[in-house]
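Asks: Residue numbers (this note's numbering), protein chains in the order written: chain A, 30 to 908; chain B, 7 to 114.
Heads up, some of the hints might be wrong.
[Stated by the list, open to error] With the C-beta cut set under 7 Å, the calculated list includes, among others, these residues of chain A facing chain B:
# : residue
1 : G56
2 : D57
3 : E60
4 : T332
5 : N334
6 : L337
7 : E702
[As the list claims (entries may be wrong)] Here are the simulated BS3-like pairs of lysine-lysine, each with C-alpha atoms no more than 30 Å apart in a straight line:
#  : chain 1 : residue 1 : chain 2 : residue 2
8  : A       : K424      : A       : K106
9  : B       : K43       : A       : K89
10 : A       : K73       : B       : K36
11 : A       : K93       : B       : K23
[Said to hold, decoys possible] These stretches of chain B come out as covered by chain A in the derived footprint (C-beta under 8 Å, 3 or more residues):
#  : region
12 : 47–56
13 : 64–75
14 : 89–95
Calculated directly from the structure, the hints in this document are not laboratory data. C-beta: ideal position from N, C-alpha, C; glycine also.
Spelled out from the first residue to the last, the chains are:
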Amino acid sequence: MNNRPPKIAETILSKLLYDDVWKTTLGDFEEQYSYLLEKEGKSKANRWYWSQVLRYAPSKIIHKLYWTAGMFKNYLKISLRNLRKNKSYSFINTSGLAIGLASFLLIGLFVQHELSYDKHFEDSEQIYRVVRERPAEQHQGSAWHAVTPIPLHSGLKDNFSHFDHTTYVSRYEGLIRMDESSFFEKGLYAGGEFFQTFSYTWLQGNPATALDDPSSIILTESLAEKLFGNKNPVGESLEIIPEYETEPIVKMITGVIEDLPQTSHLFFHFVTNEKSSSWHEGNLDHWDSNGYFTYAKLNKENTLNVDLLADITEYYNAQMMDLNYYGKQPHLIPKLAFQPLHDIHLKSSHLRHSGGTPGDIKYVYIFSLIGLIILLIACVNYMNLATARAVMRAKEVGVRKVIGALRSNLIMQFISEAVLLSFFSISFAVLLVWLFLEPFSSLINRNIGAGLFMSPLFWISVLGISSIIGILAGSYPAFYMSSLKPAGIFKSHTKGGKGNSLMRNTLVTGQFAITTILIICSIVIFQQMDYIRSADVGYTRDQILTVRIKDENFAKHYDTITQRLITNPHIVMVSSGESLPTEIQGSTSGVNWSGREERVQFYRNDIGYNYLEMLDINLITGRYFSEDFPTDAEQAFILNKSAVKGMGFTPEEVIGTTMKMWQQEGPVVGVIEDFNFLSFRDERKPLILSLINPAEYDYLSFNYLLLKVRPENLPETIAFVEKTVTAFSPDYPFEYSFLDDAFDNIYRTDINLGTLFNAFTILALFIASIGLFGLASFMMEQRAKEIGIRKVLGANLVQILTLVNKDFMKLIGLSFVIAVPIGWYAMNTWLQDFAYKISLGPSIFIAAGLSAIVVALITVSYKSFKTASTNPVNSLRSE
Amino acid sequence: MKLLTRSEEYILLAVWKLQDNAYSIPIQEKLNEITGKEWSLGGIYMPLERLEKRGQLMSVLSESTPERGGRHKRIYKLTPAGKKALREIYEVQQTIWAGIPQLMFGLS
């Protein structure tokens with residue numbers, strides 16, 4: 030039997046009795062306890078022991094706090110005095126730390142935003158999106174597709190009780206018409222149990238039935254307000270024209286939901302019943318349809334284990350085998366996989382048709398790393414400067430020790446000093462965050478930080494971070510300074526011991542190594558982006574105005590409009606196309622020709638007359654599509670060089686070869702040079718072009734109007750185009766852009782990455798430099814007398830500068846040696862993503878190394894020059 | 007010299023009587039026995055410490071016993087100054103009580 034007092038109570042008691050003399054009291058209590066135990070039993074004895082402890086505790090705690098607070102008051106006073114006394118040192122330390130903290134906070138906000146996608150749904154960890162790997166449909170190096178057949182959702186729900194709810198959706202844009210106004214909004218077709226799978230916050234309407242009627246529409250709060258003001262919109266109706274359709278559909282509003290958070294991968298302003306779309310209806314039970322996201326919500330008791338996956342695959346394969354196409358080629362049946370909802374935002378870069386503005390887990394990692402690095406550099410500054418100044422404070426430490434301060438008191442003192450400084454810094458950092466939140470948000474293309482300064486979580490983390498940083502940065506100086514021996518301090522002038530300067534040198538070297546790595550990365554990213562932007566893509570993208578056309582009615586007026594446009598003297602050429610040369614996405618393996626052996630995946634595009642001429646795409650042999658050959662339309666083909674090579678022909682041989690793509694059959698009339706219609710990350714691929722003359726169709730057979738314009742009078746030209754186009758489709762907004770902007774948009778993420786990288790690199794270099802500056806000025810103070818004596822003995826300025834800069838330059842040189850291989854490795858990995866890339870020559874590394882050295886040299890020399898050029902009388906006179 | 011308080015006086019007397027076994031627990035028991043009231047341990051620590059600081063008691067650490075969880079006892083001993091203080095308070099009481107007992111017994 031256990032005859033000891035309650036363990037916890039005993040521990041508390043022993044902690045409260047701080048003085049050794051009082052430890053016998055513990056024995057007294059225990060003796061009394063065992064006496065009570067024998068006499069009155071265990072529970073009574075325990076109760077007694079506890080009551081003693083509780084009665085004892087308050088006065089002891091207050092006693093302890095009182096004396097600690099007294100000490101802290103003194104620490105605070107001394108810290109503030111020290112900060113005031115060394116203004117430049119305090120400024121360097123606070124601003125460095127503030128910039129570091131601000132960068133860290135901004136990056137933290139970005140990372141937190143990226144990681145919080147889709148977590149706001151109920152049971153969001155139970156929701157999955159079904160994706161497929163389609164071996165027959167390779168696209169830009171991946172065969173994974175985010176889209177699935179419609180019947181999959183009911184198949185899962187009906188045959189597997191593991192799923193509570195399933196739904197299928199597809200994104201679209203609709204032109205919403207209310208009274209006089211009309212505008213495009215992002216919407217969803219949803220079928221199955223959409224609102225059961227995803228829990229939205231409902232302001233009006235019933236989630237269980239809102240979507241039942243085919244004519245129902247559910248709006249977000251902001252859209253409802255835009256259309257109806259403060260009126261209750263439920264029961265009202267509106268007209269909507271989906272993309273690619275001509276007839277407006279009348280919709281009844283059955284519900285209003287709260288606006289979606291920014292962190293939703295499915296972003297929309299309205300939801301309509303999927304059955305309302307005429308051309309979706311045909312696909313409802315077709316397993317060969319392929320254009321819908323399928324989501325499934327697993328019930329809580331189940332996990333997606335191997336057995337369940339195997340059962341689902343078996344069921345699904347059976348359905349696919351029934352299809353003619355896969356029945357004949359079972360090896361081509363797409364493989365199913367379940368992607369957790371939480372992964373969709375960050376881990377979909379391999380998925381085609383995933384849509385939205387996806388993030389990339391890679392950037393989350395890269396930026397987390399940069400944030401930590403900058404913070405680390407700033408902390409190192411603090412540690413360096415504080416330990417360097419230890420000599421100044423040594424006497425204070427000595428006096429405190431002699432008076433009776435314990436080592437733990439001194440550690441406490443220096444850590445609280447660091448925490449105080451870090452609190453100062455974080456106030457500046459918050460100010461910086463406030464200033465730079467907007468530009469930073471637009472650079473990363475995310476709306477972060479809305480309501481940030483109102484959120485208690487932000488302030489708690491700000492306080493938390495600054496305390497942690499203070500403790501981390503303060504701990505090394507604290508341990509170092511508290512280890513000084515009073516006898517040594519008073520006896521002689523100790524110059525911060527050998528171990529101390531080794532530590533300092535290591536830290537400076539590490540700081541500059543990291544900075545040099547960042548400089549290397551910045552240079553490489555900048556050069557690669559510059560290379561892409563100035564590289565010959567194989568077509569001209571200057572002065573090409575593109576107008577997105579969505580109005581089906583436009584087709585009927587195509588000829589009238591183009592003829593009217595060409596009358597303007599500033600418009601040189603007009604053409605049309607299914608896709609812009611920057612974004613040809615469509616591809617097919619359904620191309621045949623006589624003697625075909627290879628299975629070649631072709632990218633394809635339907636283009637109008639003058640398309641190739643306008644873009645200056647060079648002809649190798651044959652001719653462009655021409656109105657002189659009426660049979661060109663819907664019959665003739667033009668191939669690019671890669672396509673000809675893929676087919677196993679030479680350009681001359683292929684002219685006249687009859688080819689068949691789907692229903693279209695005709696001769697190859699021309700071969701063009703390859704041009705980069707894909708991103709520079711990819712090789713140039715086979716391309717097949719056919720001619721569509723939009724004037725011959727009564728439906729919209731193209732997506733873009735392309736106009737070659739003269740550089741003069743651009744605003745008027747654009748206004749003229751707008752007037753002409755909107756005259757025929759008054760309902761539709763005029764959407765235009767220039768081809769070179771569209772081109773830049775493809776690399777937007779990379780360009781922004783480059784800009785951010787540059788910004789953070791400059792910050793890191795700046796922080797490291799001010800650290801070095803502080804260190805250098807301190808060293809100069811220490812060596813002022815030495816330099817004075819050297820000058821008296823006849824040393825000149827150059828000799829003295831060489832002497833003091835030599836030590837620092839050795840460190841910078843060493844950091845360069847460390848940085849080169851790491852920087853090379855990192856950038857080599859990054860460049861692997863690009864099929865067309867710059868080479869990593871030595872000039873990049875030399876430039877990076879030189880810029881670090883020059884900055885360091887200027888920093889150090891500024892101070893050493895000042896010291897070296899003062900009259901030695903001044904430094905030697907005082908003692 | 008300041009006079010002893012009533013509790014200090016009792017404690018000093020208890021320590022004297024207990025001789026070699028004068029540590030907190032027996033002191034407490036002795037006090038309970040003398041006064042017929044419950045004394046808390048905390049209530050005797052403070053006067054003990056005060057008396058020791060004033061030099062009227064001295065203490066030594068002695069061997070421990072199992073029921074103390076292996077911890078030392080602090081045994082108190084009266085110093086000459088302690089004895090002197092007791093004698094003083096005794097004399098004061100003699101003086102102040104002179105004649106009173108007859109009065110009291112007369113009343114009761």
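Asks: Against this structure, judge whether each hint is valid.
Replies: Here is what the structure says about each hint:
no.: 1; hint: G56; result: 3 Å, holds
no.: 2; hint: D57; result: 4 Å, holds
no.: 3; hint: E60; result: 5 Å, holds
no.: 4; hint: T332; result: 51 Å, violated
no.: 5; hint: N334; result: 54 Å, violated
no.: 6; hint: L337; result: 58 Å, violated
no.: 7; hint: E702; result: 93 Å, violated
no.: 8; hint: A/K424 - A/K106; result: 17 Å, holds
no.: 9; hint: B/K43 - A/K89; result: 26 Å, holds
no.: 10; hint: A/K73 - B/K36; result: 23 Å, holds
no.: 11; hint: A/K93 - B/K23; result: 37 Å, violated
no.: 12; hint: 47–56; result: holds (count 3)
no.: 13; hint: 64–75; result: holds (count 6)
no.: 14; hint: 89–95; result: violated (count 0)
In the structure shown, a violation is registered for the earlier hints numbered 4, 5, 6, 7, 11 and 14, in ascending order.
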